[in-house]
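Engineer: Spelled out, the chains give:
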Amino acid sequence: MDKQLELLQGTLDMLILKAVSLGPLHGYGILLRIQQISKDRLEIQQGSLYPALYRLEHQGWIASEWGESENNRKAKYYRLTAAGKRKLQTEAEKWNRMADVISGILQSTPEEV
Amino acid sequence: MEPHGGRHLGDSAKHAGGSVRFLSRVRSWMRAVTRRSRMEREMDAELRFHIEAFAEDLVRRGVLREEALRRARIEFGGVERAKEECREARGVNFLESLIQDARFGLRMLRKNPGFTSVAVLTLALGIAVNTAVFTAFDALVLRPRPVKDPDSLVAVFRTTPGDARGRFSYPDYIYFRDRSKSFSDLSLFAFGMALTSSDLPPTGPEARSRLAGAVGFQLPQLLQGSAQPVVAVFVSGNYFQMLGAVPLRGRLLVPADDQLGSSPVVLMSGNFWQRQFHSDPKVVGSVLHLNGEPFTVVGVTPVDYMGTLPNVPSLWAPVAAKVHVGGLAAENLENRLLIAGMPAGRLKPGVSLSDAQAELDVLAAQLRIAHPEDEKNTGVLLLPDRNDVAMLGPEEWALVGAAMSAVGLLLLIACANVASLLLARAAVRHKEIAVRLAIGASRGRLLRQLLTESILIALFAGAAGLPLAAWLLHLLIVEIASALPSAWGTIALQVSPDVRIFSYALLVSCAAGIAFGLAPALQASKPDVNSALKAEGTLFGRRLSRLRLRGLLIAGQMAACLVLLISSTLLLRGSQRALEIDAGFESRHVVCLEIINPANLRYPQARMLQVSRDLIRGIAGVPGVRSVAQASRDPVGGIRWVPVAPVGAAASTSITQETQTTGAGYSYVTPNYFETLSIPILRGRVFTPSEAEGQAPVVVISEATARRFWPEENPIGKHLKIGLEKGTMFYPGEKDPFIPSSEVIGVARDVRSMDLRRIDESYVYLPLSQSRQWTRILLARTEADPRQLLPAFGHEVQRVDASLPVVGAPLYTMISMDPFFVVSRVGGLLASIVGALGLLLACMGVYGMVSYTVAQRTHEIGIRMALGARGTQVLKLIAHEGLRPILAGMLIGIVASAGVSRLLAAMLFGLNLLDAFSFFGVSLLLGGVALVATLLPARRATKVDPMVALRYE
Numbered sequence: 000m001d002k003q004l005e006l007l008q009g010t011l012d013m014l015i016l017k018a019v020s021l022g023p024l025h026g027y028g029i030l031l032r033i034q035q036i037s038k039d040r041l042e043i044q045q046g047s048l049y050p051a052l053y054r055l056e057h058q059g060w061i062a063s064e065w066g067e068s069e070n071n072r073k074a075k076y077y078r079l080t081a082a083g084k085r086k087l088q089t090e091a092e093k094w095n096r097m098a099d100v101i102s103g104i105l106q107s108t109p110e111e112v
Numbered sequence: 000m001e002p003h004g005g006r007h008l009g010d011s012a013k014h015a016g017g018s019v020r021f022l023s024r025v026r027s028w029m030r031a032v033t034r035r036s037r038m039e040r041e042m043d044a045e046l047r048f049h050i051e052a053f054a055e056d057l058v059r060r061g062v063l064r065e066e067a068l069r070r071a072r073i074e075f076g077g078v079e080r081a082k083e084e085c086r087e088a089r090g091v092n093f094l095e096s097l098i099q100d101a102r103f104g105l106r107m108l109r110k111n112p113g114f115t116s117v118a119v120l121t122l123a124l125g126i127a128v129n130t131a132v133f134t135a136f137d138a139l140v141l142r143p144r145p146v147k148d149p150d151s152l153v154a155v156f157r158t159t160p161g162d163a164r165g166r167f168s169y170p171d172y173i174y175f176r177d178r179s180k181s182f183s184d185l186s187l188f189a190f191g192m193a194l195t196s197s198d199l200p201p202t203g204p205e206a207r208s209r210l211a212g213a214v215g216f217q218l219p220q221l222l223q224g225s226a227q228p229v230v231a232v233f234v235s236g237n238y239f240q241m242l243g244a245v246p247l248r249g250r251l252l253v254p255a256d257d258q259l260g261s262s263p264v265v266l267m268s269g270n271f272w273q274r275q276f277h278s279d280p281k282v283v284g285s286v287l288h289l290n291g292e293p294f295t296v297v298g299v300t301p302v303d304y305m306g307t308l309p310n311v312p313s314l315w316a317p318v319a320a321k322v323h324v325g326g327l328a329a330e331n332l333e334n335r336l337l338i339a340g341m342p343a344g345r346l347k348p349g350v351s352l353s354d355a356q357a358e359l360d361v362l363a364a365q366l367r368i369a370h371p372e373d374e375k376n377t378g379v380l381l382l383p384d385r386n387d388v389a390m391l392g393p394e395e396w397a398l399v400g401a402a403m404s405a406v407g408l409l410l411l412i413a414c415a416n417v418a419s420l421l422l423a424r425a426a427v428r429h430k431e432i433a434v435r436l437a438i439g440a441s442r443g444r445l446l447r448q449l450l451t452e453s454i455l456i457a458l459f460a461g462a463a464g465l466p467l468a469a470w471l472l473h474l475l476i477v478e479i480a481s482a483l484p485s486a487w488g489t490i491a492l493q494v495s496p497d498v499r500i501f502s503y504a505l506l507v508s509c510a511a512g513i514a515f516g517l518a519p520a521l522q523a524s525k526p527d528v529n530s531a532l533k534a535e536g537t538l539f540g541r542r543l544s545r546l547r548l549r550g551l552l553i554a555g556q557m558a559a560c561l562v563l564l565i566s567s568t569l570l571l572r573g574s575q576r577a578l579e580i581d582a583g584f585e586s587r588h589v590v591c592l593e594i595i596n597p598a599n600l601r602y603p604q605a606r607m608l609q610v611s612r613d614l615i616r617g618i619a620g621v622p623g624v625r626s627v628a629q630a631s632r633d634p635v636g637g638i639r640w641v642p643v644a645p646v647g648a649a650a651s652t653s654i655t656q657e658t659q660t661t662g663a664g665y666s667y668v669t670p671n672y673f674e675t676l677s678i679p680i681l682r683g684r685v686f687t688p689s690e691a692e693g694q695a696p697v698v699v700i701s702e703a704t705a706r707r708f709w710p711e712e713n714p715i716g717k718h719l720k721i722g723l724e725k726g727t728m729f730y731p732g733e734k735d736p737f738i739p740s741s742e743v744i745g746v747a748r749d750v751r752s753m754d755l756r757r758i759d760e761s762y763v764y765l766p767l768s769q770s771r772q773w774t775r776i777l778l779a780r781t782e783a784d785p786r787q788l789l790p791a792f793g794h795e796v797q798r799v800d801a802s803l804p805v806v807g808a809p810l811y812t813m814i815s816m817d818p819f820f821v822v823s824r825v826g827g828l829l830a831s832i833v834g835a836l837g838l839l840l841a842c843m844g845v846y847g848m849v850s851y852t853v854a855q856r857t858h859e860i861g862i863r864m865a866l867g868a869r870g871t872q873v874l875k876l877i878a879h880e881g882l883r884p885i886l887a888g889m890l891i892g893i894v895a896s897a898g899v900s901r902l903l904a905a906m907l908f909g910l911n912l913l914d915a916f917s918f919f920g921v922s923l924l925l926g927g928v929a930l931v932a933t934l935l936p937a938r939r940a941t942k943v944d945p946m947v948a949l950r951y952e
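In the order they appear, the protein sequences are chains A and B. Take the first sequence: its letter number 81 is residue 80 in numbering that gives the first Met the number 0, and every next letter is one higher. Take the second sequence: its letter number 3 is residue 2 in numbering that gives the first Met the number 0, and every next letter is one higher.
Simulated from the structure, these hints should not be mistaken for lab results. Take these hints with a grain of salt, some might be off.
Unchecked claim - In silico negatives: residues of chain B with every beta carbon more than 12 angstroms from chain A:
1) Met403
2) Arg612
3) Arg682
Unchecked claim - Simulated pairs of lysine to any residue, SDA-like, Cα-Cα distance not exceeding 20 angstroms:
4) Lys73(A) - Met38(B)
5) Lys84(A) - Arg24(B)
6) Lys82(B) - Leu30(A)
7) Lys84(A) - Arg60(B)
8) Lys82(B) - Gln58(A)
9) Lys82(B) - Lys84(A)
10) Lys84(A) - Asn95(A)
11) Lys84(A) - Gly9(A)
12) Lys84(A) - Arg20(B)
13) Lys82(B) - Gln45(A)
14) Lys75(A) - Arg60(B)
15) Lys38(A) - Arg20(B)
16) Lys17(A) - Lys84(A)
17) Lys73(A) - Arg20(B)
Even for Gly, the Cβ is constructed at its ideal location relative to N, Cα and C.
Kindly produce the complete structure, drawing on both the sequences and the hints.
Structural biologist: As structure tokens, this is what we get:
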């Protein structure tokens, strides 16, 4: 397997939002889902997950409530709020635009300059 | 439609989103603050769940449970750090961590009770002394008057060109009182007066405070059997009403009392009532004779009640009563030119100061038109009635500055002390700190936590210091108050707790906490994690910088201490010199008797002369009295100047008419004055009794006067013009001497009667005619100790006239009344107390530092001794290092003291500014004590067993 890619600065938030947009999850579940949808190609620091979650909750993009997990244990579930949904959209747009610009730059040939 | 609507929705949603964001942030913050422990539990549960879930996944893949858990934890990383970051993300960090720091700090302090108590006590001392000085300052200057609603009180001044703070005459006061609409009340405070009363219960010899006696103050005592002086202040009838005062007994003055025709009444102050009348309830309604007139006591004001005055008077009376005691002639109540007193008013609600000023300006203008001559160029000025900071003059500020500097130095010493204690502790804790740094604490956080500990210590010290300050102040006030004669009124300092004092103490504590905590905290949190963890605690390089800081602290303490001690010694020695100065006249066997305020008796001249004669005869008849002389001023006070000029031949100095400096001091004396005071006559003779009786134009001059006018010649036979034809304006109300040509018949030796620090520049003695003049001052020369004769003198006074108030004291005690002496003595005492405290603290600091160094270097010492060093060599090494900062500090202290002594020059009475005893002796003392404080623990180093030391960690 290829070596996992390190996360770019500030992208963890986006990934978390995307992960919970697909349905409410607890913290561990969010981790698994990100790994799943990235097909395990991203290296996620587990320790930085929860501070990010708390930050996102503090800012109002996600909301939390306690519920029961699959094996009937108490766990804290996070879901996307309406504002969070909009935030995810904006961030995704920004990311795509940025990716366009960067790849454009990287593809430029000497003649185009 | 869709995109447009979407964009529109998006815009409003953005705004809504913004407020939602903010709201959710606030909600989250509030939730976190109020339900912190719940959040903590939840966070803990959440993270644990995560790790267990991960572990379960691993178990499912076949890993053993324990191994799975371990791997899960490692994979997760630092749980604490994650928690910390989570907390931070929630945005409650500051308050939370502050509380956490405080709790941790408290725990640490509790674990080290020895350290904590020493630090707290040391600092408490410094804070207490500081707070005490500030409290006194506050009580005297900053505190608002203890009256109802002090902010609406204004003081009214009369302005003339050249004087912006003038007083009012009585008719002018009435004018403004009746016409002004801005005030709900305008009252007048008229000048106080010393009255005499023979109705006061006899008091024993005025109780002398131990402190006053110890310090060398001796006040003239009222002679038994003589009438007692008492000070009364005069206020208008509406004064108490205006201030909203409440009587302790009986009633207060009302406007009806303040009419010319009403019967004279008087109030007593609670202090006077307790002290003189022992709280006798029958005093209300009794009659007190003041200056011979009967006054009815109608009430008692509360204890320590001062109204708008700076101290508590003994009696309060209405202004109209002044006429009864002879302080004011009835017709003068109409005299616009005669100064009566100071009005104070209460502004009506809603009226501002500027409104009132405007109204009064208009009234003043009308007054000027109505009385053009009397009121020429006068105006009014209104100012808030407070003990304003602005009312302090430069001398007062200098005194305040000096006091605050001295106690500030003490506080600095205390802080330096505690700082070095903290440094020592930091060294002990460096492992703990290193570990904390290693697991991820930020340096700032660590710094904050260490500082919190320091501030906690400081706050405890402040809390302990406040009652200590109150106690100190109470002690001082009680002592000072009992040292003053009761006739002067009472100084009542309001030293009850007060917001300002609390906040000052708090401020000082926090400042101190930061001052002594910052450097050690910075030092301690400097991470050298590696070596600390490897337990190489005695790495020389790092230790050196810590040692340098401690050395600096020690040097600072030594310097501050030395400055305090040397200054105080200089002041004390200077004041001692004052007492030993040979004034040029005999003072140990002379009693000075003074009739107080004889004008109060209102005797006609003939009667006064008779009383005077009888008194002299009586005193002279007391066994043990050699002679009794009269003088118009006592030999150390009441200076009088008169311009003098030689008559005829070229004067060696030109005399102007106005300046005092070309005048001479003078007094009228009887011929036996010189003999009574043992002032030798160097040339010529004294006046004969007949010359004195006839007031012949002869004069005895002092040596300095002779030198001044006739430097090379014999002054006998020369003539002096004394005084001016039209008189001088120096002493309004007194008749200046004027002798156009007075023959010099004798030259007396120089004395120091006007300023203890130097010989009188010029002095002339004029003959006193006992048949035409009487004097307040009598001087009696005694054979033995004069104090034993005082009761006999009192007996004589009573026999001659019981309503005469006479004080008597040996002459030498009056020298202790010289203000410079008082300041020098008291200042020296206080400074030496502070200095002694500083010495104690500084030595504790030195002892602590050296002990600590020894403990720290035990390992190194062990190595040295194992390699062959002898005990004494080790001792020298330790002592050398300890002494370096001490010597450096002392050097700085000596230089600083030299500077300070220059500032104190005025109070040193001629003591050499670099007085050897003070500088050398005190330095030796300090050095010696510091040396002992160094050597004692250093000796421990020599007892170190190398084998034990080598194993010491």
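Engineer: Go through the numbered hints given earlier and state which of them the structure violates, listing their numbers in rising order.
Structural biologist: Result: hints 7, 9, 14, 15 and 17 break, sorted rising.
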